[in-house]
Amino acid sequence: MNSQPVTLYPSRQFKDNARAALADTELRGSLRSAMDFLMAKRSSAFPDTDELDALRTLGEAIRQRCLSRLPELLEQLEERLTANGVTVHWAETPAQANAIIHGLVAARNGTLMVKGKSMVSEEIELNHHLEAHGIQALESDMGEYIVQMAGEKPTHIIMPAIHKTKAQIARLFHEKLPDTPYTEDVDALIRIGRNALREAYLQADVGLSGVNFAVAETGTLCLVENEGNGRMCTTVPDLHIAITGIEKVVEKLEDVVPLYSLLTRSAIGQPITTYFNMISGPRRPGEKDGPREVHLVLLDNGRSQAYADQQLRKTLQCIRCGACMNHCPVYSRIGGHAYGTTYPGPIGEIISPHLLGLENTRDLPTASSLCGACGEVCPVRIPIPEMLMRLREESQRPAGEAVDHPLRGQGAAASTTEALAWRAWRRVYASPGTYRLFGWSATRLRALTPPTQAGWTQNHVPMTPAPKTLHELVREREARRKES
Amino acid sequence: MSRPSDVYLFGTCLVDLFMPDAGMDAITLLETLGIRVHFPQAQSCCGQPAYTSGHPREARDVARSQLDLFPGDWPIVVPSGSCGGMLKHHWPTLFAGEPEQERVVAIAARVVEFSDFLLNHLDWQPVDTGPATRVAVHTSCSARREMNVHTTSWALVDRLANVTRVVHDHESECCGFGGTFSIKHPDIAGAMVTDKARALEDSGAIEFVTADAGCLMNINGKLALDKATPLRGKHLASFLLERTGGKS
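Just so you know, the protein sequences line up as chains C and F, in that order. Take 23 as the starting number for the first sequence in our numbering and just add one per residue. Take 1454 as the starting number for the second sequence in our numbering and just add one per residue.
Just chain C, same shape as in the assembly (with noise of 0.2 Å):
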């Protein structure tokens, strides 16, 4: 099978984005009930709220711990995965990881890569550059599978491909892989695309994986799956590239079992996954198999940034379940290709504006009604909404003012025009004689109401004035007190 050249969806056109995907009612449905199902599974997965909430508590503080220590922990986690045979790697850009990874596969003449679920990968655009240089990258995970042979990119960091109906990934698979009836049962689809991947893992020359937890005690990658795939991708082929975030690292192997838990019950109400990797180095001589070689990759990519402000740094505690998204009113109505960012939905709004920018991700931050479903759910308590107000004060913070540690974009979404309507208003409401002036003419104006308000009126009748504001009405009835 031909990998196919990715969709790019720009961020910049996320109202648009947006506006098409709720126009798209298969795409409507299949998400509403997809996010339904998610939630289910994880509230049934959780019957214990007092251990629920002792659990998020414990998640919380191992991630802010080892947050806090982050740079001591890298250089002890690259020091023992170096003692365990592991070739460390730092990128700042995503093009430098490309380049580090096209240079590993290079240097074998490598022509084919198999690839286990890496949401990084997706964030370098990794398989458009390696096919760029003649290397074929097949992602085997049977949800990017599937998005990566529609030519789309994930929609979802846990299930990319939970957007699609089962009659489309049938067609699909039946238009594209040779040979192949039109079927619609899902054993058999499955077994379809295992079958073709089964002679990919014997002909790969490179394997690649995310990294769940990076444990820096003992240099070891573990690695969360469910399918075997990430087994077969780091266990078979000669070389073995991980690639993760540097905010991935944890301080102790004992870390992991609670943040473990956490991740796959908060995912997919799963009380653990059929498989856990823990990944420690190459073979060693006298081992059957494994590995001949094994490079991590860390990258930067903006972290950071996030990393640098106290309040922000609370965006790496992030574990990647997804739960923030199968929770989400606005992520369940329009979907991950909408955001035109690798991770979307409520963990994407605050962590895509420091790896990609705020002029990039202008309208993400505001994309959210601050209902707080996803900081309700959040298995390590990032606190979301009062992530998203922060971002939504650097886009409006005037580009030229100085701050302490000023965000990439600083000023995307200011306007003049904003501005000076909070200003004006701050003048009304901070003044009681104004307000009162400004009451008593709205309600007595009221039948001059526009209208057409900008925005609201699309959806609902003008917001029109009472006859008399709440104030009058209570001096109104004072008044009448005094007189009886």
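Calculated directly from the structure, the hints in this document are not laboratory data. It cannot be assumed that every hint is accurate.
[As the list claims (entries may be wrong)] Below, in silico cross-link-like pairs of lysine-lysine (DSSO-like), each with a Cα-Cα straight-line distance of 30 Å or less: (1) Lys1700(F) <-> Lys37(C); (2) Lys1680(F) <-> Lys1637(F); (3) Lys188(C) <-> Lys63(C); (4) Lys1680(F) <-> Lys37(C); (5) Lys1680(F) <-> Lys1700(F); (6) Lys504(C) <-> Lys1700(F); (7) Lys490(C) <-> Lys1637(F); (8) Lys1700(F) <-> Lys198(C); (9) Lys1700(F) <-> Lys490(C); (10) Lys37(C) <-> Lys188(C); (11) Lys504(C) <-> Lys490(C); (12) Lys310(C) <-> Lys274(C); (13) Lys188(C) <-> Lys198(C).
[Unchecked claim] What follows is a set of in silico ranges between Cβ atoms, one per label pair, in the way DEER data are often shown: (14) Arg449(C) <-> Gly1550(F): 23 to 29 Å; (15) His150(C) <-> Trp1607(F): 49 to 55 Å; (16) Ala1559(F) <-> Arg502(C): 52 to 58 Å; (17) Thr71(C) <-> Asn1573(F): 19 to 25 Å; (18) Arg1456(F) <-> Thr71(C): 29 to 35 Å.
In this text, a Cβ means the ideal position worked out from N, Cα and C, and glycines have one as well.
Could you slot chain F onto chain C? The hints should help.
The following block gives chain F in isolation, referenced to the frame of chain C:
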């Protein structure tokens, strides 16, 4: 919890301008229960619209203008979960490191959401004088998640003998208001309020109640635009007063 003799009412800017009757009904209901209600005339807004839109300075200036309005140590009752959440949880953050911080924290501690006050401070025991009806309840996200009072409105409605409370589909989901969200992202907000309005219609409720003016304006504004159904919402205070014969 002890029963206070007096309370302040922070009416909120939306109630003030767009649904003052709900504010009056809250006052009347509290007064019929023997509580003296003080309505500071210099009140305007908690600052939430600017705060959630990324303009904390403007929000702080407006909030600062409200700090002198509650000199007594009585509870500050707010007939809106989201404004209550702003006062109780966001004001201390907004004033962190400011000279007023200590005062703000003390004020925040006295803030009580209306339904919470009625149920948990007054243990309201109504005599329902209204005809049999079916009512759906929409709880605002701030009431649910910031004020942790998602069950108080249910409990109050459930105390009315002739009222059947019906549950609507995805009841815990946001109605799509979100302040400036509904103006900046009207397509998404529109899809959300459409689903909420449909869920309320399909619930078989004759009317619905909510203790949050923002949600009420959002859902009623949508229902009125569609004109497809007579279903409308009321503020919880108005509904409770009406059911207990206090609304003439």
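Discussion item. Given the hint of 49 to 55 Å, is the C-beta distance from His150(C) to Trp1607(F) inside that range or not?
Written reply: Once the Cβ atoms are compared, 52 Å apart, the range 49 to 55 Å for Trp1607(F) and His150(C) holds.
Worksheet item: Is the Cα-Cα distance between Lys1700(F) and Lys37(C) 30 Å or less?
Response: violated, 45 Å
Practice prompt. Would you mind confirming whether the straight-line C-alpha gap from Lys1680(F) to Lys1700(F) stays at or under 30 Å?
Written response: holds, 27 Å
Worksheet entry | Assessment of proposed distance window 52 to 58 Å (beta carbons of Ala1559(F), Arg502(C)) | Check failed, 34 Å falls outside 52 to 58 Å.
Practice prompt. Starting from the hint 23 to 29 Å, judge whether the C-beta atoms of Arg449(C) and Gly1550(F) obey it.
Written response: Check passed, 25 Å falls within 23 to 29 Å.
Worksheet item: Are Lys188(C) and Lys63(C) close enough, with their CA atoms no more than 30 Å apart?
Response: holds, 20 Å
Discussion item. Check whether the Cα positions of Lys188(C) and Lys198(C) lie no farther apart than 30 Å.
Written reply: holds, 15 Å
Fill in: Hinted pair Lys504(C) and Lys490(C), Cα distance within 30 Å
Roughly 20 Å separates the two Cα atoms, so the pair holds.
Fill in: Hinted pair Lys310(C) and Lys274(C), Cα distance within 30 Å
Roughly 29 Å between the alpha carbons, so the hint for Lys310(C) and Lys274(C) holds.
Discussion item. For a C-alpha distance cap of 30 Å, please report whether Lys1680(F) and Lys37(C) respect it.
Written reply: holds, 27 Å
Worksheet item: Given a hinted range of 19 to 25 Å, is it respected by the beta-carbon distance of Thr71(C) and Asn1573(F)?
Response: This hint holds: roughly 20 Å between Cβ atoms.
Item to complete: State, for the Cβ atoms of Arg1456(F) and Thr71(C), whether the hinted interval 29 to 35 Å holds or is violated.
Response: holds, 31 Å
In summary, the structure is inconsistent with hints 1, 8, 16 from the numbered list given earlier, while agreeing with the others.
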